[in-house]
Amino acid sequence: MSWAAWGMQSLQVLLALAIAPLFAAWLQMLRALLQNRRPAGLGQGYRDLRRLFAKESLLPEDSSWLFRFSPYVLFGTKVMATTLVPILAVNLPLARAADVIALVGLLAVARIFQVLAAMDTGTPFADLGAHREMLVSALAEPALLTAFFIASLLAGSSSLSTIVAHTQVEITSLHPSMVFAAAAFFLVLLIENARIPVDNPATHLELTMIHEAMLLEYSGRHLALLEWGAQLKLLLYVAMGIALFFPWGIADHVGLVAVMLALAAFFGKLFLAAPILALVETLLAKKRLFRVPEFAASAFLFGVIGLLTHFMLGA
Amino acid sequence: MHLPTESLPAILKFLAAWMLLLSFALLAQRRLLSLIYLLAWQGVTLALSTALVALLTGDRLLWVSASLTLLLKGLLIPTLLHRLLRRLNVRGDVEMTLNVAGGQLIGIVLVIFAFALAAPLAGALPAATHGMLGIALAAFLLAFWMMISRRKAISEVVGFLAMDNALFFAATSATLGMPLIVELGIALDALIGFVILGVFFFHIRENFESLDLHWLEHLREDR
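Going down the list, the sequences are from chains U and H. Its first residue numbered 1, the first sequence is counted upward by one per residue in the numbering used here. Its first residue numbered 1, the second sequence is counted upward by one per residue in the numbering used here.
These are calculated hints, taken from the structure and not from any lab test. Every residue, glycine too, gets a C-beta built ideally from N, C-alpha and C.
What follows is a set of in silico ranges between Cβ atoms, one per label pair, in the way DEER data are often shown:
no., chain 1, residue 1, chain 2, residue 2, range
1, H, SER210, U, GLY105, 49 to 59 Å
2, U, PHE246, H, SER34, 22 to 32 Å
3, H, ASP189, U, ILE101, 42 to 52 Å
4, H, THR57, U, ALA258, 44 to 54 Å
5, H, ALA116, U, GLU170, 21 to 31 Å
So the derived list for chain H, only partly shown, Cβ under 7 Å to chain U, looks like this:
no., residue
6, LYS13
7, PHE14
8, VAL100
9, ALA101
10, GLN104
11, PHE115
Chain H with its partners taken away, still in its complex shape (with noise of 0.2 Å):
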């Protein structure tokens, strides 16, 4: 396949745009399965930017932990979680702590803190990942939020995963590429937290007959 080289940066750009549109679509989602499949599209999209970066540069490692990474985001945590889902058999709406406009507004300062917080970096990068800084700590601060406002396990979990999407992206696209072994030990710290996680969501359930977090601000006298 042969590209023309000035051609990807921009398809890179778009990428990195997609991502920041993604993350907005994770904290305004209602429902827990479009969520999962949001989180899906993450994952591929940043599989999709590693691969990119892999032909920008030339570096076969990246080969592979694109193909990782889509393995690994794009369709075996997004599975398990919905594996989880069906088992737990959770229904209906996403709790949220605030309405949708105003988490959005507040995700739209964040952005601007953090590319306020990035800008004076984009200079050290290489040029054609210029801007890429910014957008990933913006992800990464959406993701955070979204953690922060939603009351289910489950949905805060997927916030968890997508702050290491975004973490992830921060260093394949910002710095072009990291060494492999790093994110390997990333991705199955990851992978292990979540399924530390999956076995607390049945704890919980079990012990509040619900999986929202709320119920574990108080003390209950009777057990």
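For reference, chain U alone in the conformation it holds in the complex (with noise of 0.2 Å):
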């Protein structure tokens, strides 16, 4: 694989990661504007995240090494899993290192220590969070892996960059199954990133907390590279539906040309994205926790009706 393949997968992650509390910041600004609040501005994530670098990490009495280590796990995951995404171009030398499944399952390990760390700590808050987490994500992850079994099944393959390859040759075709496999990842997007029918992180209320609570014990860098991996999470989910379901502008070769326009219809997608996110979570109330299983039971529900229809119909 040549240098500039490298160069493209470098620079595909170390955007990721530049741009991640830019986006979420984007959409904040955006809810902060429909609901009639003064936005704090573009560079708010990225003050958070310098203040809380600079701050001292205070560890809880009796943790172990697991709440010093899941930090690094979840960051490190998170980064992992935007190398195998296809968000500027295909066929990077990471991409056919892991396929869907391998991606669906460092988001889990990403999870697994979250949940553990958060039960770590001994106080009932986190271990409430801890269970409530799981309690989402058993019924959130199958719809997940549904979607991706839908898109893999139309392109033949389970690695992300050759579904992308596949969808942008295919354009001209309407797929039924695709439609289900877009909305059951959509509910699982809001689902896993704590956005508002689920979840909402930014109070601290103990009835609704689920990923907030998790966090409460952490602190200072600790603390930094949580939220900017939540952040990543975010936008690594976004660029995930995009490769699903909007690839066209993706480079299929590493060249300036097809690089910049990928970058610009990247950075447009992304544009576009937030407000509907953003509405979505203006438009709806918190749901009450016994329902957001059923929540979750409806994107995967999704998922299975895609499946269904795409053996029944053929498309």
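Combine the two chains into a complex, taking the hints into account.
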């Protein structure tokens, strides 16, 4: 594999790392505007991270090595997952290292470490958050897998890069099963990134919190890494959605013009994706926790209907 | 209007998938009012698919049938149901015998069963509507399951009408149209059945002060 391809690969990861706080801030800004609040500005994500990195990291008294180890595992797995998703170009060197199933597995590793670290602190809130996280993700993960399976069945390969290359060629045909896959994926995106109908990380309300409860004991650089990881995860999910359902513009070879076009297309799609997310989060109300498994079950249902229609209608 | 003929079956497949999704939405819906809207959407989908089949086959009578479907199933019956709901002053959630997630999982099993049942028959159908019979059968079974798993009389009637919709869908899409006279007969039957059930609603409520059919299972001695 040529140096250009490796350079492209690292550029892609660095780009994702760099703009993840920006995207989160852009989303936050749109939400604030929609709710008639004054937005904090696009630099807020970076300011928060800088502040947290400068602060001292405190550890709970009875915590073990797991607590200190987990933020790095979480951040590392998410960076690794970012290498597998074709953000700017397909057929990059690491794309063939793992397929979509491994990608879901990587995200599952991150989740398990987060849950273990939360339980390691021994505080009841973190335990509660860990329990809720497992409750919801047990249904969200198969939904994500079925959405991926539909795309893989259509493309005949489980590698995300091949799926993107295949979808780019087949622009003309309509696939009902892909519509269901997109619906399932969107619901999973909301669930996994602690967005509003499922979870609201902006509040510290014991009745509602899932994700935030697990982070309560973290501070300083650990918290910074976790926050950055969460922002990266959101960007990663949006990038996966773009790659699966709107892959047009992603470069099929490493060339200056193609990469510049891919960059422009990616930024354009991110720019458009944020208002959709912000609108959904503003219009929907936070669900009660008992309704959340139902929400996750409907994501799984979309995935299964998509698979079934694929087999029945052959499209 | 001139559409490329090869894209028509693709749109028809989309409508079929949409029909299946609406059936699941009916199964999952808690509120009676939204249930009626979903039923209306199902009627509109049915009319659209009939119109598409008319476009595909060039059968003039199917246009009549499509507009009849739109008027009857998309507008008239939902409006009547809506008015009935207001006159009965029914409020609150639909009573279910099983929780939503469990009901939907059973729904998935039903869909798989329907697809397996329809798979051997699919070869005998026109190529354009290959998988449609399975979806229609699945929608039929889902509506049936909805009738079984609900307690309130109105949601059971909605299930009955959804069953009727699924039958129509099977007839028009899977076999590319059916005789208008048969369709008229079935449509009128459904409408009359609906009117009779509407009368029954008032009787049930007069006797039990509720539309919950759960009460019908008990003997009452004081009347």
